[in-house]
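*Asks:* Residue-level listing of the chains:
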Amino acid sequence: MSEDLYQEIILDHYKNPRGKRVKIDSLAQSYQVNPTCGDEITVDVGQNSDGTLLVSYDGQGCSISQASASVMSELINGKTPEQAAPIQAAFMELMKSKGQLEPDEDVLEDAIAFAGVSKYPARIKCALISWMALSDAQIKASLTATTTTRDE
Amino acid sequence: MFDVNEVRADFPILSRSVRGVPLVYLDSGATSQKPTQVLDAERFFYENSNAVVHRGAHALAEEATDAYERARQTISSFVGAQVDEIVFTKNATEGINLVAYAFSNATDKARQGLDVDQRFVIGPGDSIVVTEMEHHANLVPWQELCAKTGAQLRWFGITDEGRLDIQPGIIDSTTKFVSVVHQSNLLGTINPVREIMDMAHAVGALGMVDLCQSVPHMPVNVQELGADFASWSGHKMLGPTGIGILWGRTELLNIMPPFLTGGSMIEMVHMDQSTYAPAPQRFEAGVPMVAQAIGLARACEYLSDLGMENVFQHEQELTAYTLAELAKIPGVRVIGPLDTRDRGSAVSFVVDGIHPHDVGHLMDAMGVAVRVGHHCCWPTCRRFDVPATTRITTYIYNDKSDIDQAIAGIKSAQEFFGASVAVSA
Ligand SMILES: Cc1ncc(COP(=O)(O)O)c(C=O)c1O
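Sequence order for the protein chains is A and B.
Going letter by letter, the first sequence gives residues 326 to 477 in my numbering.
Going letter by letter, the second sequence gives residues -2 to 422 in my numbering.
No lab work stands behind these hints: they were computed from the structure.
Take the hints with a grain of salt, since some may be wrong.
[Said to hold, decoys possible] Straight-line Cα separation of at most 27 Å, DSS-like style, residue types lysine-lysine; simulated pairs: (1) A:K340 <-> B:K408; (2) B:K408 <-> A:K444; (3) B:K408 <-> A:K450.
If we strip away everything but chain A, and leave its shape as in the complex, we get (with noise of 0.2 Å):
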C-alpha cells in the first residue's frame, strides 16, 4: 500500500537527514515555501575553490520534503554546475513521469527511491520543493551549468 511510496531509503534519509544546517560560506539563498500545507525549505549554495558546489538546506516539512532536500544535498555537493545539471533535470523528469519511468540508477543514485513518489500528484510539490529551492539559488549565484564559471 505505502511501500511504493515510503521506501526505506527516503525513511532513512527522513530520520538521518545528511547536510542540513552545515555551515557554509552562501553565495544566494532562495526560501521556498508549499502554499497548499506549509512546508518550507531554505537552500543555500555556495562553490569551492575548485568550481564545485556546495549546498546546505534548513526547513521543516513532510518526510518526502525532508528526505528529498538530504539526498538532493548529497548528491549535488561537490559536483560542478555541469555535473549537477544531468542529475537535477533527471530528477524533474522523474517527478513528471507519473511512475512511468525507470529511474537512471548511475544517475540518480538514492533518488531513484522518490520514483513513488510521482504516482501521487498531491506529493510531488513536497519532493520537489529542495530542488526547485536549489535551481533557484543557483540561478541567484550564477552558478548554473549555462553560464561559464568566474574567473577565480
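Following the hints, position chain B with the ligand against chain A.
*Replies:* Chain B with the ligand alone, transformed into the frame defined by chain A:
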C-alpha cells in the same frame, strides 16, 4: 434522530472504493458530498425549465425565473432571513469580498466628492477587527482593504484552549467594521458572535459573521446573530459548488456601491451613467447560477427534513467520540477545545514525530479521506506553533465506524514511522 444508513443510501459516492478499500469520507469541512435529491433537482431544471432568468418573457424564461426565486425563498426561510436579504454569490469568499469592496468603492467615491453613506467610508485612523482564527477568506480581503485605505487591522487572539481571547480595547471608537468566524474550520470552536456583534454596534461599527462551518451543521437564524452581514458557501451543506450566500440587512445592501457591474443589476442605463436595481439584483450581475441555486434550495429542504437540531446532536455525539478516541492514543494532541462545549465537529490534531502530510497519506491508504495542511488558517497554525494539522470533519452520513477507521489509520501511521521516531529537528 435520523438513521445514518438511510442517509448514506442517498449519497452514491459513499459506496465507492479508493485505493482498493471502501471510502471513509471525513473531509466534509472542506466540501460535503451531495445526495441524489440535489443532483436530481439540478438535472430536472436543465431537462425541463432551462432558460435565462429575469430576462425574456417566454414560458421557459418565466419558469426558470420562478424556480430561481423560489430557491431564494427556500434558502431564506432556512436561516430565518427575509427573501430580499439573500444575495447569490459564487461562494463565501465572494460574499466577503463583496462587502470589502463596498467599503473600498464607497471610500473611492467619497474621495471624488460623491455622496456615499459614511458607514462605508474608511481611512487612516479607522480600524477593522477580525480574529486570529479566521479562514484566509475572512482575513486577506480585510488586509487588502486596510492596505488600500490606510485603516488599521486588529484582531482578537486565541487562548491555549482554542477559545477567542476577547480583550477589551480591541474594538474601540476607531472601529468601523468587525468580521468574525462563527465556527472555526480548524479548531472547531464556536464563537460568541452575538456578544462580539453587540460590541461592534456599541461603537457604531458594522459587523459580519462567516457562517461557512455553522449553517451546514447547526440551526442558525441570521436575525439572532446580531450581525449586519453573513456569508457562507453552498458546497459545504450538500449543495453544488459555484453557489454561496451573502446575507445582509436590506437597508445596508440598498445603499452599498455594487461589487460587480453589468447586465441584470441595473435599473436604468444611459451612455454616460447608470442607476442600479435594489438588492438582491444589485449584486447579481450577469447570468447567475440558476441550477446551483435550485440545487442548494433542495439541499436546505433535505437538511430541514432531517432537522438541523438533529444534525447538530448527531455531530455532537460523533465529536465527543472522536475526541475521546483521540485522547486514548499516546502522542496525539488535539489543537482546539477538548470537550464539546461551544464546539463543532472540526477536530484538528498533530501526531508526535509524524508530519500531518504523512499521517494523512497513511490514513488515505486505508481509505480515510481527511484534510492535512494549514486549512487556509495559516496564522492559527502559527499561533499553536504547528506547521500544519490533520483534520477530521464529520457530517450527517458519518458514524462511529468511520471514526474507528480513522483511529486505525492514525495508529498505522505511528506503527509505520515507528512509535519512537527520533527525527533530528
Ligand atoms: C470558516 C470558513 N470560511 C470561509 C471558507 C471559504 O469558503 P469558500 O472557499 O467556499 O469560499 C471556508 C471554507 O473553506 C471556511 O471553512
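*Asks:* Hints first: check each against the structure and report whether it holds.
*Replies:* We went through each hint and held it up to the structure:
| no. | hint | verdict |
| --- | --- | --- |
| 1 | A:K340 <-> B:K408 | 19 Å, holds |
| 2 | B:K408 <-> A:K444 | 24 Å, holds |
| 3 | B:K408 <-> A:K450 | 26 Å, holds |
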